[in-house]
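A.B. asks: Sequence:
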Amino acid sequence: MRIKNIEFLKNTLVNDDDPRFPIWLPIPALFVTLGWVFYSVTTSSAEFLETLIWPGSAIFFCTLIATWLGWQIDID
Numbered sequence: 008m009r010i011k012n013i014e015f016l017k018n019t020l021v022n023d024d025d026p027r028f029p030i031w032l033p034i035p036a037l038f039v040t041l042g043w044v045f046y047s048v049t050t051s052s053a054e055f056l057e058t059l060i061w062p063g064s065a066i067f068f069c070t071l072i073a074t075w076l077g078w079q080i081d082i083d
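Under the working numbering, the residue at position 65 of the sequence shown is numbered 72, and the numbers go up by one with no gaps.
Keep in mind that the hints were calculated from the coordinates and are not lab data.
Label pairs and their in silico Cβ distance ranges:
1) GLU14 - SER52: 48 to 54 Å
2) ASN12 - LEU37: 29 to 35 Å
3) PRO29 - GLU54: 30 to 36 Å
4) PHE68 - PHE45: 14 to 20 Å
5) PHE55 - LYS11: 44 to 50 Å
6) SER51 - ASN12: 41 to 47 Å
7) GLU14 - SER51: 43 to 49 Å
8) GLU14 - THR50: 44 to 50 Å
9) GLY77 - TYR46: 19 to 25 Å
For every residue, glycine included, the Cβ atom is placed at its ideal position computed from N, Cα and C.
Let's have the full structure, built from the sequences with the hints guiding it.
C.D. replies: Following this line, the structure appears as structure tokens:
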């Protein structure tokens, strides 16, 4: 079963003609993070930098990973 999963991932990854980490990839993560920070700052008494550091960094990296996996696996 494990070998089938590994083979599935190898077959579904984007081919070598496409870049593995395009320059635009962090942009959606940046927008989601800044959107959360601005929402949190305007609706509560949270400080901008505190919210940007935590949970902003976690939101950024989780969104970046999800975007990267979507790009690599080519989910449509």
